[in-house]
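Next come the chains, spelled out residue by residue.
Number of protein chains: 2
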Amino acid sequence: MRIEIPREFERLGAVRVYGLQKVYELDAGPEAVTADRDDAVVRSLSSESIYEVQRQMAIVVPVRSERLKLIEGVLVGIPNPCLVIVVSNSPREPTDRFFLEQESIENFCRFTRKQVLIVHQKDPVVAAAFAAGGYGDLLDDAGLVRNGKAEGMMIGTVLARMMGRRYVGFVDADNYFPGAVAEYVREYAAGFLMHGADHTVVRISWHSKPKIVEQSLYFAKWGRSSRRCNRAINQLLSHFTGFETEIVKTGNAGEHALSLDLAMSMRYATGYAVEPYHFVDLLEEYGGIVPSEHGDMRRLVRVCQIESRNPHLHADKGDAHVADMIIGSLATIFHSRLCPGWLQDEILTELRRDGFLKEGQSIAPVRVYPSLGQLDVDRFAAVAQEVVERSVGARFFNAGTPAAPAAVRVPALEVPAGPDA
Amino acid sequence: MRIEIPREFERLGAVRVYGLQKVYELDAGPEAVTADRDDAVVRSLSSESIYEVQRQMAIVVPVRSERLKLIEGVLVGIPNPCLVIVVSNSPREPTDRFFLEQESIENFCRFTRKQVLIVHQKDPVVAAAFAAGGYGDLLDDAGLVRNGKAEGMMIGTVLARMMGRRYVGFVDADNYFPGAVAEYVREYAAGFLMHGADHTVVRISWHSKPKIVEQSLYFAKWGRSSRRCNRAINQLLSHFTGFETEIVKTGNAGEHALSLDLAMSMRYATGYAVEPYHFVDLLEEYGGIVPSEHGDMRRLVRVCQIESRNPHLHADKGDAHVADMIIGSLATIFHSRLCPGWLQDEILTELRRDGFLKEGQSIAPVRVYPSLGQLDVDRFAAVAQEVVERSVGARFFNAGTPAAPAAVRVPALEVPAGPDA
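Chains A and B supply the protein sequences, listed in that same order.
Quick note: the first sequence uses the working numbering, first residue 1, plus one each step.
Quick note: the second sequence uses the working numbering, first residue 1001, plus one each step.
One or more hints might be untrue.
[Claimed, not checked] Distance condition first, Cα-Cα at most 20 Å in a straight line; then the derived SDA-like pairs of lysine to any residue: (1) K211/A to F1219/B; (2) K1209/B to F219/A; (3) K22/A to R1110/B; (4) K209/A to R1110/B; (5) K1209/B to F108/A; (6) K211/A to R1097/B; (7) K22/A to L1068/B; (8) K209/A to P1210/B; (9) K209/A to E1072/B; (10) K209/A to D1316/B; (11) K209/A to L1217/B; (12) K211/A to K1069/B; (13) K221/A to K1022/B; (14) K1022/B to A323/A; (15) K221/A to F1219/B; (16) K1209/B to R67/A; (17) K211/A to H1314/B; (18) K209/A to R1067/B; (19) K209/A to A1315/B; (20) K1022/B to E106/A; (21) K1069/B to R110/A; (22) K211/A to Q1215/B; (23) K1069/B to W222/A; (24) K1211/B to L217/A; (25) K209/A to G1164/B; (26) K1069/B to S216/A; (27) K1211/B to I212/A; (28) K1069/B to E307/A; (29) K209/A to K1022/B; (30) K209/A to D1174/B; (31) K1211/B to F108/A; (32) K69/A to K1209/B; (33) K1211/B to R67/A; (34) K1211/B to S216/A; (35) K221/A to L1068/B; (36) K69/A to L1070/B; (37) K1022/B to F108/A; (38) K1022/B to E72/A; (39) K1209/B to A315/A; (40) K1209/B to R110/A.
Calculated directly from the structure, the hints in this document are not laboratory data.
Modelling step: build the complete structure from the supplied sequences, incorporating the hints.
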């Protein structure tokens, strides 16, 4: 992969948000071809270095009734070195869709010998594992993990930790283009190679999203929700830095990856708020503005944003969810301890003006789960081991105890510091 | 890349047409991860082995007024080890689009240090080089290379030979998904790895082609032209083997690659006939049915067909060309020396019934250029060297004499022979 170094960043406390990085080549070839000069503004990352990161990466695919053809295509696109964790919340009756998914993935694994771990969100063993780990917040009244994509992502994250991976990335199960999935996962690796392995978030900004407009395709750049969400996060940043900025382009990015240490220390919001809440949580915890749980401000958290080259073409779920998405993502900012009064007013005014809120109605807070740091992973693993062992891909995993994190060192590529550093 | 071995083939003389091969993983990772058992029906091809083939490959991109954004996206998708040859026939006035293309590609190369050779189809030096090489057939009355995509592809093929490459592949310049381009080029390499380097054609069958049907996308499998073209080629094959077959799935495949030795020995048809004519030419020359120029029947020519995983989404050029495409591609079969009377009748009846031909009207023959074997490549190169040297990517090429073909050996992966072998 060939990719530019970020041209700028905004800093708040220990958080650095880097400017969007452009991709120049999906496949820069192996090491020998790609030696770089030090002054290059574009880095070529060899396939070897990318594989090295991917070998330490789990890719979580949250599934909920997506068509099997699409799920298979997504698996085709995930590079082999990654561990794949499918977390399904598909209905089990009247048709047991989860059974169909398992069967289809098992068949696929037979051909590819790919490492795929598949679990159901409502599996009582998963719930018992969270309870054993002392993290009952995720469970509903019936004692099972709550519904929701965010909850599925959290299961995937903890399983990735349990399987000894160092990074966790997310891809949606409804992507029509396996080549786009392959690109995202490569970009996750590129982000960690360029920004360091320890406390980095990599977020993808889609090149475009093809929409049908009057019988032809229009390649829209920004969705209705992303536009608003990015603006609000940028306003929050600007409020504290004193400089207006447009640096955040990935407020709603569903395609993202995190260093597992960071992922395990973060809080998670539910529903459509899960992705923008990353920014809010990082700014609250590491922004140095309000007293935080994290004493160590010397630990630098980097948010890397990469613009994919493939358009994003996914199954059309209709427009009904856009309003929820807009309210859900703005709620994370509105209810943040950091949000100044004027920004709260502006968000309210905007939502009322555009008909998303009725006059007098306010924005409901989103549910936020406490940091996954409160989970005892060893106890979780002791119970969840059963899920891993009966998974279709089980024969590819080391049986017995969870694998220890392998000691692959990914050297951080120093990005030239701006005057503000 | 992980890909199944072909399940069957049809044989006619020295030509073997293999059944469609399915892809199971776009990126199977590096060597270490992908050791295969001998009895596997799915092969994993390591990134190293794929790069090794790509280092010997030129990718020709015929351009004619495609939007610069799309051309750049296609370049992004071509893996770095490949030499890229852009052959443009874009108009030079009133706006000099070729100038814009050069400038845009030059800028792109500055960021990527990619090897891109860009020539204009109407460059008098190119025409002079063909004249010097004793191959005037390609030139029009004004002494320049004729218009047409096939002619551009021939220029690209000869330049690839001159630059010492061992394989030549083609990708269209109007693909919206760089990830799909990356997949095609990887599949070209996979085809040569599995079928041998010397006399192999690799042809891609698109997974699907998204079409807008009533405000949503429908993923059509077969185009109106491919369906007819494949059937006619299969009928021709069946006529001689005595067994009905549906093996040919890629009659119209624009995405294809050839061993350069083979490409340099073939005849080329013009217009929409260029791709299906490959089959006709191979069957005429190597099918062992009619006396042929090629004495050596022991030389096995393999046609490998691979089903891509990405849908094919390209710029919409409207429907006007479909009729020409249908007639042009069927003309190659209709006018073949091999075509039996009953098949000629069937083709005529079909085209009249469906309104592509008026009653009494017949099918015009397509122009066929003689084998490129008649071109003296050294003499061509002596003149064409100037074009290479002033190309934007020139600094990446060895100056002076054309590079000698590097001695990379690609071992043919023996495909289990059927009872018919």
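Evaluation of the provided hints:
| no. | hint | in the structure |
| --- | --- | --- |
| 1 | K211/A to F1219/B | holds, 15 Å |
| 2 | K1209/B to F219/A | holds, 17 Å |
| 3 | K22/A to R1110/B | holds, 14 Å |
| 4 | K209/A to R1110/B | violated, 28 Å |
| 5 | K1209/B to F108/A | violated, 23 Å |
| 6 | K211/A to R1097/B | violated, 28 Å |
| 7 | K22/A to L1068/B | holds, 17 Å |
| 8 | K209/A to P1210/B | holds, 14 Å |
| 9 | K209/A to E1072/B | holds, 18 Å |
| 10 | K209/A to D1316/B | holds, 17 Å |
| 11 | K209/A to L1217/B | holds, 13 Å |
| 12 | K211/A to K1069/B | holds, 18 Å |
| 13 | K221/A to K1022/B | violated, 33 Å |
| 14 | K1022/B to A323/A | violated, 41 Å |
| 15 | K221/A to F1219/B | violated, 23 Å |
| 16 | K1209/B to R67/A | holds, 18 Å |
| 17 | K211/A to H1314/B | holds, 14 Å |
| 18 | K209/A to R1067/B | holds, 18 Å |
| 19 | K209/A to A1315/B | holds, 15 Å |
| 20 | K1022/B to E106/A | holds, 17 Å |
| 21 | K1069/B to R110/A | violated, 40 Å |
| 22 | K211/A to Q1215/B | holds, 9 Å |
| 23 | K1069/B to W222/A | holds, 18 Å |
| 24 | K1211/B to L217/A | holds, 10 Å |
| 25 | K209/A to G1164/B | violated, 40 Å |
| 26 | K1069/B to S216/A | holds, 18 Å |
| 27 | K1211/B to I212/A | holds, 10 Å |
| 28 | K1069/B to E307/A | holds, 15 Å |
| 29 | K209/A to K1022/B | violated, 28 Å |
| 30 | K209/A to D1174/B | holds, 17 Å |
| 31 | K1211/B to F108/A | violated, 28 Å |
| 32 | K69/A to K1209/B | holds, 15 Å |
| 33 | K1211/B to R67/A | holds, 19 Å |
| 34 | K1211/B to S216/A | holds, 9 Å |
| 35 | K221/A to L1068/B | holds, 17 Å |
| 36 | K69/A to L1070/B | violated, 28 Å |
| 37 | K1022/B to F108/A | holds, 12 Å |
| 38 | K1022/B to E72/A | holds, 13 Å |
| 39 | K1209/B to A315/A | holds, 15 Å |
| 40 | K1209/B to R110/A | violated, 28 Å |
The structure shown violates the earlier hints numbered 4, 5, 6, 13, 14, 15, 21, 25, 29, 31, 36, 40.
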